[in-house]
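**Q** Spelled out, the chains give:
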Amino acid sequence: MSNLRIIPRLDIKGPNLIKGVRLEGLRVMGDPQEFAVRYYEAGADELVYMDIVASLYGRNNLSDIISRAADQVFIPITVGGGIRSVEDARHILRSGADKVAINTAAIARPELITEVARRFGSQAMVLSVEAKQIAAGRWEAYTDNGRERTGLDVVEWVQRAVELGAGEVLLTSVDREGTRKGFETDLIEAVSRKTGVPVIASGGMGSIKDFISAAKSGADAISMADVLHYGRMTIPEIRMAARDAGLPVRLT
Amino acid sequence: MTSKVTILDYGMCNLLNVARAFQVLGADVLVTDDAATAAAAERLVVPGVGAFKDSVDEVQGRGFDQVIRDYVATGRPFLGICVGMQMLFDASEEFGEHRGLGLLPGRVRGVPALTTEGAPQRVPHIGWNHLVVPEARRSWEGTFLDNCVDESPSVYFVHSFAAVPELESDRLADCIYGGHRLCAAVQRDNLMAVQFHPERSARQGLGMLQGFMQL
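Protein chains in written order, with my numbering: chain A, 759 to 1010; chain B, 2 to 216.
These are computed hints drawn from the structure, not numbers from a lab. One or more hints might be untrue.
[As the list claims (entries may be wrong)] Using C-beta positions, here's what the derived DEER-type ranges look like:
#, chain 1, residue 1, chain 2, residue 2, range
1, B, VAL165, A, THR937, 39 to 49 Å
2, B, GLN215, A, ASP911, 47 to 57 Å
3, A, ASP822, B, GLU152, 17 to 27 Å
4, A, ARG796, B, GLN61, 17 to 27 Å
Quick caveat: nothing in here was measured; it's all calculated off a predicted structure. No residue lacks a Cβ here, since even glycine has one placed at the ideal position from N, Cα and C.
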C-alpha cells in the first residue's frame, strides 16, 4: 500500500478561505495563499481546493488563486467546484492544478468522466462525492454542496464512475463535515471496499483518533480542514501520531 | 552561471508547474512549441500528464519526435517526466496498443492490480513512495538523483501505467508497490526520465531538478 496522504482541504468562497459546518454556516478564515504556503512548508502531502459556490454560479473561479499557489507550493493540487467540461478542466489544469474533482457535472452527464480521463488521464479525474446517510449502511449522493438530492446510491455511483474512468474518489460526508465528530467510517469502508481506486476521506476530523480510524476503515488519504485552520493540530503532529500508530506515512 | 532549461510544449498540460519549479531554483526557463528552439536547447525537458496515445499523437503531429531523437543524439541533457518518460519506450498498452518513440527498449504496462501476494491493490498508484537503487546499480553517485536530500527520497507518483525497460542498465531508480518493483527513473547517458513528479515532490523533487540543472 502507498503511504497514507495528509491533505489539507481549502474551501474557497470568492477570494477567501472559509470554513463551515455541514457545508453551511460559513466563516471567513483569511487569505487561502497564507494557509496553503504554511501547510506546504509543514509537510502536507497534497492540497485540495474547493470552490464552494461555483455550482451556484456555474463556473469555477479559482484559477487566479491556484496560479498564485502554484508559484510557491510544489506538491499536488486538486481543484473542484463548477467544472463542467473538458475545457473547464483544461483551464484549471493550466492554472497549476494537477487534478480536477467533479461532482455535479458528472452526475448530470456521466460521460464527462470518460472525456476528462481520456484527455488528461484517469489520475487527473477525481470523482467528488457528497454523501448523506439515508438509512443504516446507505448513503445518497448530493450535488451543489450538499443541497440537491440525486437519488443515486453512493456506493453504486462510485462504482459506475470508476468504470467510466475516475481515478480517485474524494468522499465527503456532508453529515460530518465541520462537526469534529469524526469521519463516517462505515461510509469510508463501504466505498473503499467496492472500488479499486484510492479514496480520500473528508469531513469530520476532530482528533488524531479520527485520523487513525479513517485509515483503518480503508481511506488512502485523509483530508482535513477545521483541525488545521483553527490551529488545533499541526501536520507534523498528525504525521508523528500516525507513525506511532503504525500507519505508513511519508517521512519528510 | 545561470542554467538554461527549455521545456517542450506539445499541447498537453502541466508545463507551467515544471517551469515554476525550475524558476524557483533560479533557472532561465523557456517554454517553447517551436521545433528549432527546442533543437537548440542547452537542457531539454519533456513533461507529461495525460494519456499516452494523445501525448504521442501531439508530439508526432508536430514533428517533435524527430526533434527529440536528434536532440538526444547531441549528448545534451534530456529529462522526460511521467508520460514524457513513457513516450521514450517502444510501445504502451494504455487504452489499446500504441507505439512510442522507441528511444529505449521496453514497453509501458499497467501497474499490477494485485500485490505479489495476490491481494488487490489500488490503481492508479497515487502518493508518496520511496526510491530505491535498482539491482544493477550501486548508487546514484554522479547522477541527478545524487543531489536529493536523503538516501531514500520520497517522491510523488500518479500513474496507472509504468515503463518496463528491457535493459536493467537503463534503470536508474525503482519504487516498490505491492511488492512489485516498478521503474521510477531511467538513465542512458544524457537521456534521463522519471515516472514520478519531481515538480510535485517538495524539497526532494526540487533537489533533483537542481541536480539536472547542474549537469
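**Q** Does the Cβ pair A:ASP822, B:GLU152 satisfy 17 to 27 Å?
**A** 40 Å, violated
**Q** If you check the beta carbons of A:ARG796 and B:GLN61, does the distance land in 17 to 27 Å?
**A** Given about 44 Å between the Cβ atoms, the range is violated.
**Q** Is the gap between the beta carbons of B:VAL165 and A:THR937 within 39 to 49 Å?
**A** 47 Å, holds
**Q** Can you let me know if the beta-carbon spacing of B:GLN215 and A:ASP911 is within 47 to 57 Å?
**A** For A:ASP911 against B:GLN215, whose Cβ atoms are near 55 Å apart, the range 47 to 57 Å holds.
The structure fails hints 3, 4 (numbered hints given earlier, in ascending order).
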